[in-house]
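S.K.: One-letter residues, chain by chain:
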Amino acid sequence: MEPMTAEAALPPLLLPKRRPRVIPTLLLKDGLLYKPVRFKAPKYVGDPRVAVKIFNDKGADELVLADMTATIERREPDYELIKEIATESFMPIAYGGGINSYDQAARILELGVEKIVLNTALASTPALSEKIAGVFGAQSVIGCLDCRKSLLGGYSVYVEAGRRRMGGKPEDIAQRIVGQGVGEIMLQSIDREGTGQGYDLALVRRVAGAVDVPVIALGGAGNVDHFRDAIGAGAAAVAAGSMFVFTGPHRAVLITYPPDEQLHRAFGTR
Amino acid sequence: MITIIDYRMGNLGSICNMFHRLGIKARVSADPETIRASDRLMLPGVGHFSNGARQFAETGLREVLEEKVERGGTPLLGICVGQQLLGSGSEEGEGAGLGWIAGRCVRFRPQDGAKVPQMGWNYVQPARPHPVIADIGDEPRFYFANSFWLKSEKRDEVLLESIYGGERFTAGVARDSIVAFQFHPEKSHRFGMRILENFAKWSP
Numbered sequence: 436m437e438p439m440t441a442e443a444a445l446p447p448l449l450l451p452k453r454r455p456r457v458i459p460t461l462l463l464k465d466g467l468l469y470k471p472v473r474f475k476a477p478k479y480v481g482d483p484r485v486a487v488k489i490f491n492d493k494g495a496d497e498l499v500l501a502d503m504t505a506t507i508e509r510r511e512p513d514y515e516l517i518k519e520i521a522t523e524s525f526m527p528i529a530y531g532g533g534i535n536s537y538d539q540a541a542r543i544l545e546l547g548v549e550k551i552v553l554n555t556a557l558a559s560t561p562a563l564s565e566k567i568a569g570v571f572g573a574q575s576v577i578g579c580l581d582c583r584k585s586l587l588g589g590y591s592v593y594v595e596a597g598r599r600r601m602g603g604k605p606e607d608i609a610q611r612i613v614g615q616g617v618g619e620i621m622l623q624s625i626d627r628e629g630t631g632q633g634y635d636l637a638l639v640r641r642v643a644g645a646v647d648v649p650v651i652a653l654g655g656a657g658n659v660d661h662f663r664d665a666i667g668a669g670a671a672a673v674a675a676g677s678m679f680v681f682t683g684p685h686r687a688v689l690i691t692y693p694p695d696e697q698l699h700r701a702f703g704t705r
Numbered sequence: 027m028i029t030i031i032d033y034r035m036g037n038l039g040s041i042c043n044m045f046h047r048l049g050i051k052a053r054v055s056a057d058p059e060t061i062r063a064s065d066r067l068m069l070p071g072v073g074h075f076s077n078g079a080r081q082f083a084e085t086g087l088r089e090v091l092e093e094k095v096e097r098g099g100t101p102l103l104g105i106c107v108g109q110q111l112l113g114s115g116s117e118e119g120e121g122a123g124l125g126w127i128a129g130r131c132v133r134f135r136p137q138d139g140a141k142v143p144q145m146g147w148n149y150v151q152p153a154r155p156h157p158v159i160a161d162i163g164d165e166p167r168f169y170f171a172n173s174f175w176l177k178s179e180k181r182d183e184v185l186l187e188s189i190y191g192g193e194r195f196t197a198g199v200a201r202d203s204i205v206a207f208q209f210h211p212e213k214s215h216r217f218g219m220r221i222l223e224n225f226a227k228w229s230p
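If you read the sequences in order, they're chains A and B.
According to our numbering, the residues represented by the first sequence are 436 to 705, in order.
According to our numbering, the residues represented by the second sequence are 27 to 230, in order.
There may be inaccurate statements among the hints.
[To be verified] Within a straight-line C-alpha distance of at most 25 Å, the following computed SDA-like cross-link-like pairs (lysine to any residue) qualify:
#1 Lys566/A x Glu606/A
#2 Lys584/A x Ala645/A
#3 Lys141/B x Phe702/A
#4 Lys452/A x Pro152/B
#5 Lys141/B x Leu450/A
[Said to hold, decoys possible] Residues from chain A that face chain B, not an exhaustive set, calculated with beta carbons under 8 Å:
#6 Leu448
#7 Arg453
#8 Asn491
#9 Ala521
#10 Thr522
#11 Glu523
#12 Ser524
#13 Met526
#14 Pro527
#15 Glu545
#16 Glu549
#17 Gly572
[Unchecked claim] So these bits of chain B aren't anywhere near chain A, every CB distance computed over 10 Å:
#18 Met27
#19 Glu84
#20 Glu117
Keep in mind the hints are simulated off the structure, nothing from the lab.
Quick caveat, the model's predicted, so the values are computed rather than measured.
Glycine included, each C-beta is placed from N, C-alpha and C at the ideal position.
Extracted from the complex, chain A is given alone in its bound form:
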């Protein structure tokens, strides 16, 4: 018989089941929040500081903040705004937009942001993700793959806010960037963005089946059942934009986040 250790004598821990993360994605343009549909026609949403306060109150799991125009305008990230938001946020934050050097990424992480999101730099500066991961850890680097479905049913990955196509299939690019230090993949369907029709589950299946890091599904969420579908297709977490900032058929601005209990029920973790 095994000798009884002190640990074995402890009463067991009875912890609730963990549910997948649900991540609002906020898009910045000129320091304010906008929300496009399929990367076009951005609609004004409001002040990012106010949105962060509302998500604090509602207990959102994490936030992703992305500057839509920093890269195409060849601008530096807005460090002052990022610092204000990181200071105001009582939840973890990821930031993306306009990052193409290690110094920029380090500066942003030191402002109190938990994660850096890379898109264009994945193509233009492939060594960057590895360098950030080497110092801050792979968990601090999210690779965002913006994908469009072609007429023949294949998928292409785009950078520079959907303007330039990268060569290769999404699942191959995903494997490559994971090898270069990316710790999480944010997989966005450009075709579904802002439509509320549900995630592109075939795309989620292809990429989630190809890598062993968490895949965050983005683009198309309209309700919590869509979240469950994405997890069923292999995503580890879900992100959404319009669903959390608009309400009703006329897309009136209303910042919302489902209560924890509703999310647990949707995921079947209760």
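Given chain A, work out where chain B should sit, using these hints.
M.R.: Chain B alone, transformed into the frame defined by chain A:
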């Protein structure tokens, strides 16, 4: 007044901001005299154990903390690496911790393929009641970002426990005027707010 000790281990803005939002007076300082004049201390920390240990040694912070907390009984709240530094050392690298909690920091050894570091929300369970964790609510969850954890050797110093990768780990410790957590209360919404509020009122 709570002094958040600035020993160059991460951005302290969100912690300070959360205290202010709760109506609690707090300031960030590295100055020994300011620390000596404080009635509560917070030891935050993001980064490498060895960097923190080196800062303690090089800045004289270790002596100030020993005088204030270990001999003076001032309440101290440690967070993340600030908890890890209460142990004697760490697998992460060299350098001595404060040695106030019996045990060393070890790396997660997941039994189910879970990724290290642990990044995200996790539930905790109290090992015993304590004023700083009073009324934190049902199913309290907290934001963790760690590869290492302080493996407490004394059962009566364990305050909160959790499970990651199938492995049971110490998520909080307490002893006399010291309380510390591996997670980030400043990034953990109302659960974290309650802990910071409780700490601000606590009279050990």
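S.K.: Can Ser524/A be said to touch chain B, with a Cβ gap under 8 Å?
M.R.: This hint holds: Ser524/A lies near chain B, its Cβ roughly 7 Å from the closest one there, short of 8 Å.
S.K.: Lys566/A and Glu606/A: Cα distance at most 25 Å?
M.R.: holds, 22 Å
S.K.: Taking the closest Cβ pair, is Arg453/A under 8 Å from chain B?
M.R.: With a closest approach of 7 Å, the Arg453/A hint holds.
S.K.: Against chain B, run the beta carbon of Thr522/A and see if the smallest gap drops under 8 Å.
M.R.: The hint holds - Thr522/A has a Cβ within 8 Å of chain B, the shortest such distance being about 4 Å.
S.K.: Just double-check Glu117/B for me: nearest Cβ-Cβ distance to chain A has to come out over 10 Å.
M.R.: The assertion about Glu117/B holds, with a minimum of 16 Å to chain A.
S.K.: Are Glu545/A and chain B close enough, Cβ to Cβ, to be under 8 Å, as the hint says?
M.R.: holds, 6 Å
S.K.: Are the Cα atoms of Lys141/B and Phe702/A separated by 25 Å or less?
M.R.: Holds. Lys141/B to Phe702/A sits at ~21 Å (cutoff 25 Å).
S.K.: Answer holds if the nearest beta-carbon of chain B is closer than 8 Å to that of Leu448/A; otherwise answer violated.
M.R.: holds, 5 Å
S.K.: Closer than 8 Å between Cβ atoms is the bar; does Glu523/A clear it against chain B? Give me holds or violated.
M.R.: holds, 7 Å
S.K.: Against chain B, is Gly572/A within 8 Å by beta-carbon distance?
M.R.: holds, 6 Å
S.K.: Min Cβ distance, Ala521/A to chain B: is it shorter than 8 Å?
M.R.: holds, 6 Å
S.K.: Does the structure keep Lys452/A and Pro152/B at a Cα separation of 25 Å or less?
M.R.: holds, 17 Å
Checked against the numbered hints above, the structure breaks none of them.
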